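So the protein lines, in turn, are chains Y and G. Here the numbering used here is used: the first residue of the first sequence is 1, the next is one more, and so on. Here the numbering used here is used: the first residue of the second sequence is 1, the next is one more, and so on.
Source of the hints: derived by calculation from the structure; they are not laboratory data. It cannot be assumed that every hint is accurate.
Heads up, simulated DSSO-like pairs for lysine-lysine below, C-alpha to C-alpha not over 27 Å straight-line [said to hold, decoys possible]:
{"#": "1", "chain 1": "Y", "residue 1": "K71", "chain 2": "Y", "residue 2": "K129"}
{"#": "2", "chain 1": "G", "residue 1": "K69", "chain 2": "G", "residue 2": "K90"}
{"#": "3", "chain 1": "G", "residue 1": "K389", "chain 2": "Y", "residue 2": "K127"}
{"#": "4", "chain 1": "Y", "residue 1": "K54", "chain 2": "Y", "residue 2": "K129"}
{"#": "5", "chain 1": "G", "residue 1": "K90", "chain 2": "Y", "residue 2": "K127"}
{"#": "6", "chain 1": "Y", "residue 1": "K129", "chain 2": "G", "residue 2": "K222"}
{"#": "7", "chain 1": "G", "residue 1": "K73", "chain 2": "Y", "residue 2": "K162"}
{"#": "8", "chain 1": "G", "residue 1": "K572", "chain 2": "Y", "residue 2": "K113"}
{"#": "9", "chain 1": "Y", "residue 1": "K113", "chain 2": "Y", "residue 2": "K127"}
{"#": "10", "chain 1": "G", "residue 1": "K435", "chain 2": "G", "residue 2": "K388"}
{"#": "11", "chain 1": "G", "residue 1": "K69", "chain 2": "Y", "residue 2": "K162"}
{"#": "12", "chain 1": "Y", "residue 1": "K71", "chain 2": "Y", "residue 2": "K161"}
{"#": "13", "chain 1": "G", "residue 1": "K124", "chain 2": "G", "residue 2": "K388"}
{"#": "14", "chain 1": "G", "residue 1": "K122", "chain 2": "G", "residue 2": "K338"}
{"#": "15", "chain 1": "Y", "residue 1": "K54", "chain 2": "Y", "residue 2": "K113"}
{"#": "16", "chain 1": "G", "residue 1": "K122", "chain 2": "G", "residue 2": "K90"}
{"#": "17", "chain 1": "Y", "residue 1": "K161", "chain 2": "Y", "residue 2": "K129"}
{"#": "18", "chain 1": "G", "residue 1": "K124", "chain 2": "G", "residue 2": "K25"}
{"#": "19", "chain 1": "G", "residue 1": "K338", "chain 2": "G", "residue 2": "K389"}
{"#": "20", "chain 1": "Y", "residue 1": "K54", "chain 2": "G", "residue 2": "K90"}
{"#": "21", "chain 1": "Y", "residue 1": "K54", "chain 2": "G", "residue 2": "K25"}
{"#": "22", "chain 1": "G", "residue 1": "K388", "chain 2": "G", "residue 2": "K122"}
{"#": "23", "chain 1": "G", "residue 1": "K644", "chain 2": "Y", "residue 2": "K161"}
{"#": "24", "chain 1": "G", "residue 1": "K388", "chain 2": "Y", "residue 2": "K127"}
{"#": "25", "chain 1": "G", "residue 1": "K694", "chain 2": "Y", "residue 2": "K54"}
{"#": "26", "chain 1": "G", "residue 1": "K619", "chain 2": "G", "residue 2": "K574"}
{"#": "27", "chain 1": "G", "residue 1": "K694", "chain 2": "G", "residue 2": "K642"}
{"#": "28", "chain 1": "Y", "residue 1": "K162", "chain 2": "Y", "residue 2": "K71"}
{"#": "29", "chain 1": "Y", "residue 1": "K127", "chain 2": "G", "residue 2": "K124"}
{"#": "30", "chain 1": "G", "residue 1": "K644", "chain 2": "G", "residue 2": "K694"}
{"#": "31", "chain 1": "G", "residue 1": "K73", "chain 2": "Y", "residue 2": "K129"}
{"#": "32", "chain 1": "G", "residue 1": "K338", "chain 2": "G", "residue 2": "K388"}
{"#": "33", "chain 1": "G", "residue 1": "K99", "chain 2": "G", "residue 2": "K73"}
{"#": "34", "chain 1": "Y", "residue 1": "K113", "chain 2": "Y", "residue 2": "K162"}
{"#": "35", "chain 1": "G", "residue 1": "K389", "chain 2": "G", "residue 2": "K124"}
{"#": "36", "chain 1": "G", "residue 1": "K389", "chain 2": "Y", "residue 2": "K161"}
{"#": "37", "chain 1": "G", "residue 1": "K572", "chain 2": "Y", "residue 2": "K71"}
{"#": "38", "chain 1": "G", "residue 1": "K122", "chain 2": "G", "residue 2": "K99"}
{"#": "39", "chain 1": "G", "residue 1": "K73", "chain 2": "G", "residue 2": "K124"}
In this text, all values refer to a predicted model and were calculated from it rather than measured experimentally.
Each chain, written out:
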Amino acid sequence: MDNAVVPGVRQQETAEERLERWMDQYGNAILHACFVCLSDVQLAEDAMQDAFVKAWRNMQSFENRYEGSEKAWLLRIAINTCNDYRRGMWFRRIDLPGELDKLPPALISVSPKERDLFLDIMALPGKFKQVILLRYYQNLTLQEMSEVLGIAPSTIHHRLKKAEEIIRRELEGRDNVEA
Amino acid sequence: MKHDADIQRAMASNLSGLQVTNAHKAAIRERTREGEKMKRKLPVAIAFALILVLISVTALAVSNWEAIKEYLKTVRFLTYEVIEWELEDKLELVEAMHKAELIEDESAYNSLGNPDLSAEEKEKICDTIIEARYGKDWQYYGNIEDFEWPEELRRQSEETMREYDMWSDQVNDAWDEVNPYKVVVREGPITEEELMQLFLDKLETEYGVEKESILPDQIALKCFQEDEVYMLTYTVNQENPGKYNPSLHTKPAYYSQPRNIGGDLTEDTPIPMTMLERMAILQEATDSYTFMWVTDLSGNEQSFLPWSMEREMIRNLSSRLTEIENFEYGSFDPSLFKVWFDEELQLWVASYTITEENPGIAGRTMDEISYGEPQITMLEYMARQEGKKESYTFYCYYDSFDRIVFNEDVGKPREKRANYVPPVTSSQAEDAARKALDEKYPITLAELEELRASTTLYQEMDGSMEYYIEFIGYEYSEQLARIWSYAARVNPETGEVLAAVKRDDWNQLTGRKLVADASPEMEKLLWAHDMQDALRRAMGDDSGNGWHFNWNEKGEYFYHWSLEEKAAYSRKNKPLIDQFLLENPEYAEMLQKRYDNGESGFPVYYETTRHAYGLPDEKSISQEKARELGYQAILDRLNAPKEKLDQAWAVNVYYDVTDPEKPLWKFFFNTTTDETGPDEAWGYFVSIHAYSGKVEACYERWVGMPMIDLM
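Take the sequences, apply the hints, and build the full model.
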């Protein structure tokens with residue numbers, strides 16, 4: 001590929017430099033999003049790679065047309081990629097606790113409560129899991145989430161409410177048991 | 001939400017170890033370099049013009065909000081990339097656009113009604129219509145609702161906002177009603193163990209199967225995540241016939257008590273029968289029976305299916321199609337399955353046929369997934385494999401309901417015919433096959449002679465006979481036991497070689513059964529291969545390549561890892577493999593026997609977990625000191641050439657804590673080069689008592705020495 005200078009804010013940034021920056025800046029966010037969607041470390045790594053390759057292919061059209069944030073655009077590609085992967089996963093049994101055990105050792109200590117809550121989130125249906133991921137982990141606004149998921153903000157809001165309700169029920173249920 | 005911070009912390013902490021590595025980045029770079037050319041840039045002026053066009057389109061649509069409402073309702077939930085859509089998805093969008101009067105070129109839309117158009121042509125027209133309004137790749141930049149009724153306009157006044165929100169809620173509620181989210185009620189979510197218990201209770205109360213009589217391999221549980229169902233099965237067969245206790249049965253056990261010809265009981269006490277006998281009375285007599293129970297994720301029953309021969313065959317075939325052929329389970333049309341008994345073959349046959357009308361859901365090979373090619377339908381996929389036809393039928397042939405004699409994607413059964421005496425002997429056929437392979441591939445006749453020849457005679461559907469010959473090689477690479485082969489088909493009447501291929505190219509024409517039948521030794525090798533797989537799975541590696549287990553982020557193989565990495569690996573994986581071997585003594589015995597016989601080439605998961613590795617404590621001598629002592633011992637005791645030792649290309653170090661009272665420093669000086677002959681030492685190994693500095697072992701490495709002794 002030629003060392004094309006991409007027009008825009010970062011005038012001196014070549015396409016290769018941009019890819020490097022994206023990987024450095026958003027790589028972990030994309031990888032984490034893929035894991036949340038797929039519940040499988042290996043698949044998440046594959047999907048993350050696919051997403052960056054797709055982003056590379058479409059870098060020019062991104063530059064020309066997209067007005068939102070880079071991160072939202074990359075997340076959108078990643079989540080689309082994961083949705084596509086999920087179609088092929090029907091027959092696979094997902095053993096959530098087992099998959100979490102396969103995660104590399106956490107750099108931040110994880111309390112049992114945090115692990116339970118994470119399991120609850122991971123056990124949500126895909127549509128709900130995605131909105132929780134984007135809202136609470138990636139800190140996106142409703143509008144950005146809409147860009148990522150390709151659905152209207154009001155629909156996002158609707159899903160977010162449902163997802164929160166399920167988690168709240170889980171948390172309160174546990175709190176009551178502990179009390 | 002009051003739990004915002006909790007959620008954030010839970011996600012951040014749990015995911016913190018999952019990091020993009022240099023290896024990932026390198027792989028991405030590599031793929032972008034491999035022909036992934038960036039599209040030609042649009043000049044900025046054109047890009048700007050494009051944005052203006054989009055804005056004007058949007059403005060046009062906004063003025064027609066009432067008309068567009070219905071349209072947005074239809075398309076609101078269209079997601080995924082357009083490139084992944086089926087033709088009917090695109091047609092649905094185009095139809096909705098037409099109703100909303102959003103298609104400028106009506107002639108294009110009208111042309112879709114032409115019955116002579118092919119699916120490809122229709123798809124092209126749809127793409128043109130969609131792209132004319134939303135541009136290429138629109139799915140990366142927004143959604144139809146935002147294009148047609150953007151945020152800034154829908155928020156232009158209080159009234160519009162209210163109106164839009166009301167409309168939006170109505171649409172969502174209506175959608176929910178038709179497509180309810182399958183939210184699992186998680187008030188005490190059922191665990192798999194609990195679910196299993198429910199199934200066992202059910203079997204006991206409804207079929208009198210005593211729980212204690214059920215062996216673990218008779219019960220299976222699968223979770224279908226997407227459909228949110230569990231499927232549990234219980235199978236009885238000759239080996240595990242299952243007990244039967246009639247007193248537990250809710251219905252009278254009519255046939256468990258002998259009756260006279262008038263139907264009167266001849267015994268007072270019921271005679272216990274096995275489950276297999278019971279089923280043989282209730283159902284058709286056969287070798288085994290399977291009970292299937294399907295529940296939602298909360299354990300609520302959706303169906304309970306005792307055995308039927310036809311259903312079992314269909315289940316078996318559909319399972320094969322989903323696991324091997326990439327069909328999606330939900331895509332099956334039950335009417336396309338057929339089961340019948342072929343009188344001529346004396347075999348049961350199950351088939352599934354795909355046609356233009358029922359093209360099967362898109363399926364892709366792993367390669368296509370890896371390289372991101374568009375999804376294709378199964379019909380298209382088969383056309384690539386077999387050439388274009390109107391339909392394809394997938395067959396399975398059974399001699400009993402659960403034993404597949406032969407199956408092929410689109411194939412015919414082949415069976416042995418015992419009484420046929422071929423004019424061309426198998427040995428002559430093998431010679432002809434070797435010659436053909438020698439001409440076709442860079443392998444010599446002598447090399448082919450070295451490989452094990454496995455020759456089988458088959459009868460084709462048309463009655464003709466054929467030799468199938470396989471020349472099999474077997475080797476261990478560092479990561480995996482590998483079986484490889486060349487294969488050929490030879491006409492036993494004429495000796496003509498019909499095909500000669502490398503097994504990798506054989507495209508699954510041969511199944512494992514064929515190979516295993518052909519040679520007991522091959523079966524043993526396959527068994528070893530299975531063991532490698534089982535060990536890998538015991539460590540939780542489903543990736544199939546062991547990458548995460550034997551390579552670190554720097555791309556270094558296990559032997560070259562740091563002491564910390566080896567210690568962490570050992571802590572995690574040694575107990576898993578030890579437990580696995582405890583539970584599978586046949587594997588443990590076989591491995592021990594091989595080790596005792598002085599064989600090498602053990603599965604890497606086994607080798608790397610034979611010793612426990614840790615880190616030196618305060619009582620240990622330093623690594624440098626230990627290495628110095630070891631180096632000297634090799635020179636003194638083995639009389640190793642100093643120059644050779646100094647040129648070791650790697651010195652692998654281990655801190656062995658298998659015996660915590662006697663930790664060992666271990667060093668392997670690897671001096672093997674391309675020039676090293678089979679009669680020379682391939683390196684030097686030394687172990688040193690970590691506390692006393694005493695040399696515990698010191699020896700040369702010879703060809704065939706197991707790595708277990710060098711680490």
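Cross-check of the supplied hints:
1. Y/K71 - Y/K129: Distance of about 18 Å is within 27 Å: holds.
2. G/K69 - G/K90: It holds: about 19 Å lies between the C-alpha atoms, which stays within 27 Å.
3. G/K389 - Y/K127: Answer violated: G/K389 to Y/K127 is near 39 Å, above 27 Å.
4. Y/K54 - Y/K129: Distance ~23 Å between Y/K54 and Y/K129 Cα, so the pair holds.
5. G/K90 - Y/K127: holds, 22 Å
6. Y/K129 - G/K222: holds, 22 Å
7. G/K73 - Y/K162: Given that 27 Å is the threshold and the Cα spacing comes to 21 Å, the pair holds.
8. G/K572 - Y/K113: Roughly 23 Å between the alpha carbons, so the hint for G/K572 and Y/K113 holds.
9. Y/K113 - Y/K127: Holds, at about 24 Å.
10. G/K435 - G/K388: violated, 33 Å
11. G/K69 - Y/K162: holds, 25 Å
12. Y/K71 - Y/K161: Holds, because 24 Å separates the two Cα atoms, which is no more than 27 Å.
13. G/K124 - G/K388: It holds: about 20 Å lies between the C-alpha atoms, which stays within 27 Å.
14. G/K122 - G/K338: With a Cα-Cα distance of about 32 Å, the restraint between G/K122 and G/K338 is violated, given a limit of 27 Å.
15. Y/K54 - Y/K113: violated, 37 Å
16. G/K122 - G/K90: holds, 9 Å
17. Y/K161 - Y/K129: Since the Cα atoms of Y/K161 and Y/K129 sit roughly 12 Å apart, the hinted pair holds (cutoff 27 Å).
18. G/K124 - G/K25: Roughly 36 Å separates the two Cα atoms, so the pair is violated.
19. G/K338 - G/K389: Distance ~20 Å between G/K338 and G/K389 Cα, so the pair holds.
20. Y/K54 - G/K90: holds, 22 Å
21. Y/K54 - G/K25: holds, 14 Å
22. G/K388 - G/K122: At roughly 19 Å apart (the allowed maximum being 27 Å), G/K122 and G/K388 satisfy the hint.
23. G/K644 - Y/K161: Roughly 70 Å separates the two Cα atoms, so the pair is violated.
24. G/K388 - Y/K127: violated, 38 Å
25. G/K694 - Y/K54: violated, 58 Å
26. G/K619 - G/K574: Within the cut-off at roughly 24 Å; holds.
27. G/K694 - G/K642: holds, 21 Å
28. Y/K162 - Y/K71: holds, 25 Å
29. Y/K127 - G/K124: violated, 31 Å
30. G/K644 - G/K694: At roughly 24 Å apart (the allowed maximum being 27 Å), G/K694 and G/K644 satisfy the hint.
31. G/K73 - Y/K129: holds, 24 Å
32. G/K338 - G/K388: holds, 23 Å
33. G/K99 - G/K73: holds, 12 Å
34. Y/K113 - Y/K162: holds, 22 Å
35. G/K389 - G/K124: Roughly 22 Å separates the two Cα atoms, so the pair holds.
36. G/K389 - Y/K161: Given that 27 Å is the threshold and the Cα spacing comes to 50 Å, the pair is violated.
37. G/K572 - Y/K71: violated, 35 Å
38. G/K122 - G/K99: Between G/K122 and G/K99 the Cα gap is close to 18 Å, so the pair holds against 27 Å.
39. G/K73 - G/K124: Roughly 25 Å between the alpha carbons, so the hint for G/K73 and G/K124 holds.
In summary, the structure is inconsistent with hints 3, 10, 14, 15, 18, 23, 24, 25, 29, 36 and 37 from the numbered list given earlier, while agreeing with the others.
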